[in-house]
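Peer 1: First to last, the protein sequences are chains R and A. So in our numbering, spot 637 of the first sequence is number 650, and the numbers just go up one at a time. So in our numbering, spot 18 of the second sequence is number 24, and the numbers just go up one at a time.
Please keep in mind that the hints were generated in silico from the structure rather than gathered at the bench. Every residue, glycine too, gets a C-beta built ideally from N, C-alpha and C. Everything hinted at is true.
Now the stretches of chain A that chain R is said to cover, found in silico as 3 or more residues with beta-carbon under 8 Å:
no., segment
1, 11-21
2, 29-39
3, 42-48
The calculated lysine to aspartate or glutamate pairs, modelled on DMTMM-like cross-linking and capped at a C-alpha distance of 20 Å, are:
no., chain 1, residue 1, chain 2, residue 2
4, R, K635, R, D661
5, R, K136, R, D121
6, R, K136, R, E185
7, R, K168, A, E38
8, R, K139, R, E177
9, R, K168, A, D39
10, R, K635, R, E615
11, R, K168, R, D131
12, R, K438, R, D349
13, R, K139, A, E38
14, R, K737, R, D723
15, R, K139, A, D39
For each label pair, taking beta carbons as the anchor points, the in silico distance ranges come out as:
no., chain 1, residue 1, chain 2, residue 2, range
16, A, M47, R, E102, 16 to 24 Å
17, R, G627, A, L48, 57 to 65 Å
18, A, V27, R, I810, 36 to 44 Å
19, A, M47, R, R677, 37 to 45 Å
20, A, P43, R, Q730, 47 to 55 Å
21, R, S781, A, R46, 34 to 42 Å
22, A, M47, R, L264, 39 to 47 Å
23, A, L48, R, R628, 54 to 62 Å
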Amino acid sequence: MGRWTRTLEPAALAGVNAGEVVGLADGSGVLSGESGSPPASTTCDHCGEPCKDGASMESEGHVFCCQGCQTVFSLLQASGLEDFYQLGERPGRRVELAEDGRRWEFLDDPTVTRQLLDFDNGKLAKVTFHVPAIHCVACVWLLENLFRLNPGIGKSRVNFARREVAITYAPEVVRLSGVATLMERIGYAPVLTLAALDRGQAPGVRRLGLQIGIAGFAFGNIMLFSLPSYFGLDSWSGPLFRTWFGALSLLLALPVLIYSASDYWRSALASLRQRVLTLDVPIAAGLAALYLQSAWEILGGFGEGYLDSTAGLIFFLLCGRAFQQKTHEHLGFDRDYRGFFPLSVLRRTARGDESVSISQVQTGDCLVVRNGELVPADARLIGGEGLVDYSFVTGESDPVPCVIGDHVYAGGRQVGGAIELETVKPVSQSYLTSLWNDEAFRKQRDNSLETLTNRYSRRFTVIVVCIALAAVTGWLVAGQPGRALKAFTSVLIVACPCALALAAPFTLGTAQRVLARLGIFLRNGQVVENMAVVDTLAFDKTGTLTDTEAPGLSRHGEPLEPNESALVTALCRQSTHPYARRIAAALGTAPGMALDVAGFEEVPGRGMKAIVAGRQVVAGSKAWMESHGVTGDWPEVPAGSAVHVGIDGRARGVMVLSNRLRPRVDQLMESLSDRYELALLSGDNAHERDRFQSLFGDRARLHFNLSPQDKLAFIKQLQAGGRKVMMVGDGLNDAGALRQGDVGIAVVEGVGKFSPASDVILDSPRISNLGSVLEFSRRTARVVRAGFMISGAYNVIGVSIAAAGILSPVICAILMPLSSVTVVLFAVGATRWTARRCGLATTAVEKTEGALGASAGRVPAVEPAT
Amino acid sequence: MEVIILLILASLLLAGGFLAVFIWASRSGQFEDTTTPAMRMLVDDPAPKAGSIRQSPKPKHP
Numbered sequence: 014m015g016r017w018t019r020t021l022e023p024a025a026l027a028g029v030n031a032g033e034v035v036g037l038a039d040g041s042g043v044l045s046g047e048s049g050s051p052p053a054s055t056t057c058d059h060c061g062e063p064c065k066d067g068a069s070m071e072s073e074g075h076v077f078c079c080q081g082c083q084t085v086f087s088l089l090q091a092s093g094l095e096d097f098y099q100l101g102e103r104p105g106r107r108v109e110l111a112e113d114g115r116r117w118e119f120l121d122d123p124t125v126t127r128q129l130l131d132f133d134n135g136k137l138a139k140v141t142f143h144v145p146a147i148h149c150v151a152c153v154w155l156l157e158n159l160f161r162l163n164p165g166i167g168k169s170r171v172n173f174a175r176r177e178v179a180i181t182y183a184p185e186v187v188r189l190s191g192v193a194t195l196m197e198r199i200g201y202a203p204v205l206t207l208a209a210l211d212r213g214q215a216p217g218v219r220r221l222g223l224q225i226g227i228a229g230f231a232f233g234n235i236m237l238f239s240l241p242s243y244f245g246l247d248s249w250s251g252p253l254f255r256t257w258f259g260a261l262s263l264l265l266a267l268p269v270l271i272y273s274a275s276d277y278w279r280s281a282l283a284s285l286r287q288r289v290l291t292l293d294v295p296i297a298a299g300l301a302a303l304y305l306q307s308a309w310e311i312l313g314g315f316g317e318g319y320l321d322s323t324a325g326l327i328f329f330l331l332c333g334r335a336f337q338q339k340t341h342e343h344l345g346f347d348r349d350y351r352g353f354f355p356l357s358v359l360r361r362t363a364r365g366d367e368s369v370s371i372s373q374v375q376t377g378d379c380l381v382v383r384n385g386e387l388v389p390a391d392a393r394l395i396g397g398e399g400l401v402d403y404s405f406v407t408g409e410s411d412p413v414p415c416v417i418g419d420h421v422y423a424g425g426r427q428v429g430g431a432i433e434l435e436t437v438k439p440v441s442q443s444y445l446t447s448l449w450n451d452e453a454f455r456k457q458r459d460n461s462l463e464t465l466t467n468r469y470s471r472r473f474t475v476i477v478v479c480i481a482l483a484a485v486t487g488w489l490v491a492g493q494p495g496r497a498l499k500a501f502t503s504v505l506i507v508a509c510p511c512a513l514a515l516a517a518p519f520t521l522g523t524a525q526r527v528l529a530r531l532g533i534f535l536r537n538g539q540v541v542e543n544m545a546v547v548d549t550l551a552f553d554k555t556g557t558l559t560d561t562e563a564p565g566l567s568r569h570g571e572p573l574e575p576n577e578s579a580l581v582t583a584l585c586r587q588s589t590h591p592y593a594r595r596i597a598a599a600l601g602t603a604p605g606m607a608l609d610v611a612g613f614e615e616v617p618g619r620g621m622k623a624i625v626a627g628r629q630v631v632a633g634s635k636a637w638m639e640s641h642g643v644t645g646d647w648p649e650v651p652a653g654s655a656v657h658v659g660i661d662g663r664a665r666g667v668m669v670l671s672n673r674l675r676p677r678v679d680q681l682m683e684s685l686s687d688r689y690e691l692a693l694l695s696g697d698n699a700h701e702r703d704r705f706q707s708l709f710g711d712r713a714r715l716h717f718n719l720s721p722q723d724k725l726a727f728i729k730q731l732q733a734g735g736r737k738v739m740m741v742g743d744g745l746n747d748a749g750a751l752r753q754g755d756v757g758i759a760v761v762e763g764v765g766k767f768s769p770a771s772d773v774i775l776d777s778p779r780i781s782n783l784g785s786v787l788e789f790s791r792r793t794a795r796v797v798r799a800g801f802m803i804s805g806a807y808n809v810i811g812v813s814i815a816a817a818g819i820l821s822p823v824i825c826a827i828l829m830p831l832s833s834v835t836v837v838l839f840a841v842g843a844t845r846w847t848a849r850r851c852g853l854a855t856t857a858v859e860k861t862e863g864a865l866g867a868s869a870g871r872v873p874a875v876e877p878a879t
Numbered sequence: 007m008e009v010i011i012l013l014i015l016a017s018l019l020l021a022g023g024f025l026a027v028f029i030w031a032s033r034s035g036q037f038e039d040t041t042t043p044a045m046r047m048l049v050d051d052p053a054p055k056a057g058s059i060r061q062s063p064k065p066k067h068p
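Same shape as in the complex, but just chain R (with noise of 0.2 Å):
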């Protein structure tokens, strides 16, 4: 990769830009900062990204933005890190300096200590952060090399995937408020959330691996002993071997069904007691048959038994369940507002302000809330000047301004200054966090037992055991009790299903993957089964339809003039209000040119005016305009967030501030309504109703200012009519109703940021693909129904073989894995001819990148931070 390449003395910079001398030079030795570059494009050295006139910082030749990323630079210098800089171009990360140093004093506290810790002996201790800034390379190489910059700090071990770091530290020479210190000043600020307080890991994919491992080597070493009675080698080698043969894979087979198939009895009693034919039973009863009949054949030394099918059997079974069970581990499917809430804040006391946890808050604490952070609580504001943004939590889209004595409720984000809180409710009781009381939250999603393979494994148990009844009948009719033992025992065996019980996961797991890669993340592939026969579709309005980080500006009235709107930039520089950021963002042009401002006034929920540079400039409602003398004529506006814009007492039109629809929505929401019955569930107020009428079409119902509950209620409602409804939303409001939908699907910018806890995790662009997607999990379904046939075919043939009491080892020893082989390459080769089909394997490649650059670039997920 990049080199630094220092070749101009220090006499030849005068007059040169300084991000000309250093730049990086990649393997073909073009140098980043070529000459003649404009100054506008200098890039800082340490993160790369571009410097603003002023604020950059130039250090022994090297170009920086800011402050902290000089630091960072000289901190690793020093330490002998420099090589940080060669495994990545400018691989760092933007360092804010912190205000104070105290921000992580709350982890020194004993109780949170204890419950972040992994591990504590006193002498050594292990924690796991999570640290979304972790993006590349050079990043895992930097933090594994933390000890060099801390005695303190032992090994540290980075999982990319997840991106977590595991540090050993030495609690008697460094606290671990200092190991997040640390963390913070290198640009890896850890983020620590509620949920980070009980955590617990899943063994399940660890397990799963040993089963397999087991199964396999058990399998291949019985077919080898079996190996000899295949080819009839018993007639000259005697006894000996089927005897030692016979007792060596009996107890080669033993762990394997004790240990390995351990899931299919469990899962199979389970079924019996709640008198439900599940397809564990079958699969339970022929792998018990298959062990007897061994056992009883090679004990009386007449037969070597099926133990290699029992085996085998088993080892396809459990790779089948692995294939399905592809795990996103960055991705948290299982997230509740714990993991939105901060860990920490910060508490203002007759000693000052501290940073404590949350967990610690009580009510009547005081606790200051600066811009950008969340309210932990229920509080009320006893000061400072209070602008909520609640579009996260209950899908208002516009900020609510607040007054003193006014309450907030938790998950609002402050915008604007501080404000100083008291807490009325712990934040376990708050009215948010209430929702996940509700019933919804208690009842186990994963283990549904009303799957298509359920409802064909029914019929198909009944039929077997039909058979293998008649069989009985038949043969003792006949006359030969020893023949109708012998066919029973062969029906039940053959009829094992294998290739049924393999035709659903690979299917559904291939869905799966070709998903993924789009950036649409399954929690397992029964989702893909629940979206095929969902027929109503609910959504939320703000940030899942709408797009809330980029919206849509319109102007009315006389156009402004080109100074006139560098006026009116200069005035929404100087607040903080959203509209008055969307406004300067829309309208910013000369970035450059100061205007000066005097006389900044504003008031919350009316307007601000200002006197820039020489002009009265006045922007907010109506009535503040009127209340500052501005005439003239106000043209019509459509429906939105209008801001008023005076020039010298003169009405200079209208700018009108609307949620944009996400690309494509219009289209989406077409080919939708013909299929599916529609409904909006939106907790934002009527103010856009017509346009979302006519975007939903007439027959769909429409819900404004429903509360998180309400959204719940509604769709419970809807599923009490018989409905199966999938809920797509975004918001910690939408909680609720994607747990109680059939299937929940969560719309994020960007993956691995916070979403709520759903079945599906959908990057945000790909929403306009929902409709091939519910077209593709339905022709998806129909896949597995023809794996089904399949196998029922297979089934038939050894079911008439064995029934007519001729079933021999060699005949199952083929038919068993003939009949997987083929539904397995079926599943995978239609699905994925299925997904071209619909229009979601075409760029494939592309689109990998697409979803890998959402989750590991440079970008970092925005995350709640403390």
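Since the structure of chain R is already known, use the hints to place chain A on it.
Peer 2: Just chain A, lined up with the frame of chain R:
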């Protein structure tokens, strides 16, 4: 031909050894993270440059 029994026992022992290694590897978490090791191996250990790096402090704990 009886010698084959001995050979088979030996081969089972060997295979059992491999199985034991697999179980150990799985239990020690080697299959948990399959992404990071691939990135880690891209990085060479820094060559010690005379004078430029101070004796890096040995981590107290491995």
